[in-house]
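*Asks:* Starting from the known structure of chain A, fit chain B onto it as the hints suggest.
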Amino acid sequence: MSGKGYDLGLIWAFLANKSEEILELTGQHIVVVIISVLIAAVMGVGAGILVWNKPTGRGFVIAVAGVILTIPSMAMLALMIPSLGLGWVPTVVALSLYSLLPIVRNTIVGLREVSPAVLESAAAMGMTPLKVMFAVQIPIAWPVILTGLRVATQLAVGIAAIAAYVAGPGMGTYIFKGLSMLGAKNALNFALTGTICVILIALVLDAFFILITRITTSRGLRD
Amino acid sequence: MIKTTSTSGVGITLENVSKSYNSSAPAAVDNFSMNINPGEFIMLVGPSGCGKTTTMKMINRIIEPTSGKIIIDGQDVLSLNPSFLRRNIGYVIQQIGLFPHMTIAENISVVPNLLGWSKDKTADRVEELLALVELDGGSFARRYPKELSGGQQQRVGVARALAADPPVMLMDEPFGATDPITREKLQLEFLRLQESMHKTIVFVTHDFDEALKLGDRIAVLSAGSQIVQFDTPANILSNPANEYVSSFIGQGAALKSLALIDVAQAKLLPASAATSSPHSVATFDNLRTALDRVVLAGGHPVAVLDEAERVVGAIGIEEISDALGADVRNLSPEKAV
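Chains as they are written, first to last, in my numbering: chain A, 1 to 223; chain B, 1 to 337.
Take every hint as true, because none was put in to throw you off.
For lysine-lysine, the following BS3-like pairs were computed, each having C-alpha atoms within a straight-line distance of at most 25 angstroms:
no.: 1; chain 1: B; residue 1: 146; chain 2: A; residue 2: 131
no.: 2; chain 1: B; residue 1: 185; chain 2: B; residue 2: 213
no.: 3; chain 1: A; residue 1: 131; chain 2: B; residue 2: 119
Coverage of chain A stretches by chain B, computed from C-beta distances (three or more under 8 angstroms per stretch; other residues unrestricted):
no.: 4; region: 125-138
no.: 5; region: 208-220
Simulated from the structure, these hints should not be mistaken for lab results. Since the model is a prediction, treat every value here as computed from it, not as a measurement. Idealized CB from N, CA, C, for every residue including glycine.
Isolated chain A, as found in the complex:
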């Protein structure tokens, strides 16, 4: 096949040629997302536990997390360069901040959805407040909290692609490379490979969450 059209045969050669690098970048992408979401989970679930029953605190935390999410990712990453430099650190910090909103919001919603009668019963049985939280309230809110983590993960997978802008890890490297050499022979190959890999990573991580939800949700809570 020749002419102006894109030769599909070329991308197979490209993939075969670059397979090692593609695998490495994919691995980096997954790792940076997992680290960021884990950090956001600790902060978000923690903040949710602290403020779920305090209207002012609750409003404040959700507002802050919401404002962070409105900052354009490119701008956020650029703003971090002076203090955090390039590479993994600004990437993880930025992704953690972006992941915060879905996690903290779902944690608060989940904790608030637990029936007051159930919480009163738990306290009246003689559970300490800490025990009520960790043995009753969080387990019941768990599916909702997990959904927050799942949304945060999807968000982070997408935004992580931008991290290549600050020389961060992951598949964004290919996308940016492709964009910067537009018109060159492999430009489209780079951009396409990067994009498709990001989509695949998102799908795989989502499937992983479905599995985790299935395993860790009590049968008594499933529909």
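*Replies:* Frame of chain A, contents of chain B only:
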């Protein structure tokens, strides 16, 4: 029904207990004092918002009193750690509040686990309690709350409250959300349980008929949890303190009184007085049932049978009326409304 050894009740004293949420508003509970004897079944009856539930919830400190003293078995409740205190007080509420993520067995095991019972002891106790509330068989232990009917869930609620065999039970309209037939059944079952357990029970309801059926003594409350009358069901029916109490009793005080008296307590006619009608009544039935049978028999006396179904006498309208006692019969018509 399984016979089980159980811890019987202890005394509870409330001294000038008050609860106010807002210094400008009238207190939800205003200077409430009450002495409850060990093993007594106390009903707090009143309209919604009168503070009856608040009063009950201060006993296990789900609501902290603003002032006053609460003493259970000689111990000042306010000086104890609330979580430890509550492990010795059973608690059943209308919304049941089972833990949806735990199986029935896990729900019942909550307090035994908090008390650090061994696995074997807890498992034995769960089995015993499920039998006690008639949920044995059908693998109830491994099911989840959502898989049970409302009535079954409330049985689990009662079992969970009884798990560590507490001497005191607090119950807030526990059977209020169930249909009338299930409610009646749960009430009777619980009454039978209490006959062998002798727990000290504080039971909140707005249903005066429920109070009559269950309580050893009934406290009729008005706004601010003020005790208008605190007496046995029979005495309240025969001597309502005022209009307010009468309005609570509602229609048919005499009929309600009859339901509290067994046929065995009435003076019977000789067996020969019974008509040949097929209707009869047992000595352990109440006089309301007897009246029902007498009416069915055309107003003539019916045979009274003992537990072995032998005819031991007969009962008619006059005997029923006599057993009611002078108090109720002498009520002025408007007082008996």
